[in-house]
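2 protein chains.
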Amino acid sequence: MLQPGDTIGILGGGQLGRMMALAASRIGLKSHIYCPDPNSPAFDVTAFHTCASYEDEAALEAFARSVQRVTYEFENIPAPTVEFLKARLPVLPGDNVLKTSQDRLTEKNFFASIDIPTAGFYDISSEQDLRDGVAKLGLPALLKTRRFGYDGKGQVFLKNEADLTGALDAIGNQPAILEAFVPFEREISVIAARNEQGQTVSYDIAENVHKNQILKTTTVPAHISPEVAAQARQIGEKVAQALDYVGVLAVELFLLPDSFDQRLVANEMAPRVHNSGHWTESACLVSQFEQHIRAVAGWPLGDTRRHSDVVMTNLIGDDINAWPKHLSHPSSSLHSYGKSETRDGRKMGHLNQISPIKGD
Amino acid sequence: MLQPGDTIGILGGGQLGRMMALAASRIGLKSHIYCPDPNSPAFDVTAFHTCASYEDEAALEAFARSVQRVTYEFENIPAPTVEFLKARLPVLPGDNVLKTSQDRLTEKNFFASIDIPTAGFYDISSEQDLRDGVAKLGLPALLKTRRFGYDGKGQVFLKNEADLTGALDAIGNQPAILEAFVPFEREISVIAARNEQGQTVSYDIAENVHKNQILKTTTVPAHISPEVAAQARQIGEKVAQALDYVGVLAVELFLLPDSFDQRLVANEMAPRVHNSGHWTESACLVSQFEQHIRAVAGWPLGDTRRHSDVVMTNLIGDDINAWPKHLSHPSSSLHSYGKSETRDGRKMGHLNQISPIKGD
Chain F
66 MLQPGDTIGI LGGGQLGRMM ALAASRIGLK SHIYCPDPNS PAFDVTAFHT
116 CASYEDEAAL EAFARSVQRV TYEFENIPAP TVEFLKARLP VLPGDNVLKT
166 SQDRLTEKNF FASIDIPTAG FYDISSEQDL RDGVAKLGLP ALLKTRRFGY
216 DGKGQVFLKN EADLTGALDA IGNQPAILEA FVPFEREISV IAARNEQGQT
266 VSYDIAENVH KNQILKTTTV PAHISPEVAA QARQIGEKVA QALDYVGVLA
316 VELFLLPDSF DQRLVANEMA PRVHNSGHWT ESACLVSQFE QHIRAVAGWP
366 LGDTRRHSDV VMTNLIGDDI NAWPKHLSHP SSSLHSYGKS ETRDGRKMGH
416 LNQISPIKGD
Chain L
66 MLQPGDTIGI LGGGQLGRMM ALAASRIGLK SHIYCPDPNS PAFDVTAFHT
116 CASYEDEAAL EAFARSVQRV TYEFENIPAP TVEFLKARLP VLPGDNVLKT
166 SQDRLTEKNF FASIDIPTAG FYDISSEQDL RDGVAKLGLP ALLKTRRFGY
216 DGKGQVFLKN EADLTGALDA IGNQPAILEA FVPFEREISV IAARNEQGQT
266 VSYDIAENVH KNQILKTTTV PAHISPEVAA QARQIGEKVA QALDYVGVLA
316 VELFLLPDSF DQRLVANEMA PRVHNSGHWT ESACLVSQFE QHIRAVAGWP
366 LGDTRRHSDV VMTNLIGDDI NAWPKHLSHP SSSLHSYGKS ETRDGRKMGH
416 LNQISPIKGD
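Read top to bottom, the protein sequences are chains F and L.
When we follow my numbering, the leftmost residue of the first sequence carries the number 66, and every step to the right adds one.
When we follow my numbering, the leftmost residue of the second sequence carries the number 66, and every step to the right adds one.
So here's chain F without its partners, still in its complex pose (with noise of 0.2 Å):
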């Protein structure tokens, strides 16, 4: 368990790494952000950074020493930068769970391990298994790298047979996983934590409207029945007592339409903070980033309850050109990730506007 004034490493230095140090200095704790990037926005927020590759065992080293946990903004850390630093220190949440969240196929077998249900999905290294995937599952479908694929990038749709020639090489002829197509009514989504002492927590569920396969808006409470949500978050609490995991983690979902027996299957999990989490720094008093700092310091989890109901609109590239109107909205709240570079697709900050709890 750590003490106030201690110091937490925290892999990348992206806005979820400067997110999570700002919420680390609000109840005390120093972070040492560890990043290749020297213009990366978290170093603007704290005494202590390391620009350096996560190969270079020099720099990881003296930043272990420097720090009394880790943890990190990103789940496709190198796994020798993970076992170079486990070897001296903890590294939270700890690598079972990464090797479970790289791969999308381990993924869902570690879903269906603990029933809880996915999608139809196959395991693709040849144009054969593609084939055989499809006759399986059926058209249309996704076919998906197992590793690296964020945003909607390393993925390929499948509407038709005439989509499956090329289809390999569109995504590098990688390692790939095969999922049916699912005809969800939404996406939802739930934030758990869990610390070292297996209290278990979890956020409201939000609802997600993706935009060019990049998340647009969040909202919460989502159009869902109580039942509905009350599943979800068992499946989120599942997912990281399962895991004996610390942290915050997402689960993604889909919700099928009321002709279907199972209403939700999970569709990737996030074992970190994540971006449909962010309406929690408004709607909340402990947000997840602050609840993903309690966890990997050992500290008492916070009161995951919502004050206020709450729309995140994520501000994409020249998005946030539009700063002094976003500042001036009523009832709203503007995060500004700092990043010194606009770019088309770039998550520049967030908007979240409150209002109050509607009764049921």
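Because the hints were derived from the structure by calculation, they are not lab data.
Ideal Cβ placement from N, Cα and C applies to all residues, glycine included.
Heads up, a few of these hints could be off.
[To be verified] Not everything, but these chain L residues come out facing chain F in the computed CB check (under 7 Å):
hint, residue
1, 87
2, 90
3, 95
4, 108
5, 110
6, 350
7, 364
8, 368
9, 372
10, 389
11, 396
12, 401
Take the given structure of chain F and dock chain L to it, following the hints.
Same frame as chain F, but now just chain L:
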């Protein structure tokens, strides 16, 4: 007007500077802390800090070159420091404000000049003045140094004639002010903000309870009528406008019993974010800290509305040792200032506890 990514210089590295820097980060601004104390808690939350005396002109020169605007967390900055900096870049709030608020007599005269009632007061430079003052104002009364007093330091309570003997010695024979004792029913405060465009806002009125002359709790809403609350907000906004103020300020007010014609009298003002505004962090979307940074940046002010009722409790000295309990408290948010040393009477953190807004 600052641009996103610009840097605000903050004089003073205590908890107020720290919370201002955290708020600046949220809206995409950098900060640079200037403080002579090597253990300044604000140093931990920014990439840039200068540890040097307020008289070190080389350090001040380098500081001035590295930031676009300067603000401060305390009103007792040496006048030559402000002179030096304001010759180079904007220092906000302006030095007219510091001149007014650094001297209790000037401040009381300023209140009088804009028709804001205060307790009776008398300028004291000698034993004779003290006797004349007591003859005019009666006893009990308070003898206070004109400058450099805070948290009850530099003041003596005069209950009866015998207390006059040695009273001036007790405050170091400095220029002083005698203030009539006011039989107040409650202590309240208003937090107001104004930007350089003249936009002026205020927060809901807070009720304060002191213990050993240090703020212990702030409760919002205060137990006052809507009319008194409206008057108090007007006082805050009037002060901001009269001073062409840029930033956040607090005015502490006494509420007199119903039997008095004039129920509100101003006690003192603070030209900065204020302990009695820490509740805004948890009960409003835009805290006093962010509001101050917005004003100093020349940016639009934010919504001051409250989404919750709230009680802020200061954690003083050993109170912070119960941090695991504070972290677990329902509907509560702990803010810990990251101070390396706990001392009696030292403000170490605060706890905000919220509840749904009660109907009138």
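Checked hints:
1. 87: holds, 6 Å
2. 90: Holds. Min distance 5 Å.
3. 95: Since chain F brings a Cβ to about 5 Å from residue 95 of chain L, closer than 7 Å, the hint holds.
4. 108: holds, 6 Å
5. 110: holds, 5 Å
6. 350: holds, 4 Å
7. 364: Because about 6 Å separates residue 364 of chain L from the closest Cβ in chain F, which is inside the 7 Å limit, the hint holds.
8. 368: Holds - the Cβ of residue 368 of chain L comes within 7 Å of chain F, reaching about 5 Å at its closest.
9. 372: Because about 5 Å separates residue 372 of chain L from the closest Cβ in chain F, which is inside the 7 Å limit, the hint holds.
10. 389: OK, holds: residue 389 of chain L within 7 Å of chain F, min 6 Å.
11. 396: holds, 6 Å
12. 401: Interface hint status for residue 401 of chain L: holds (3 Å vs cutoff 7 Å).
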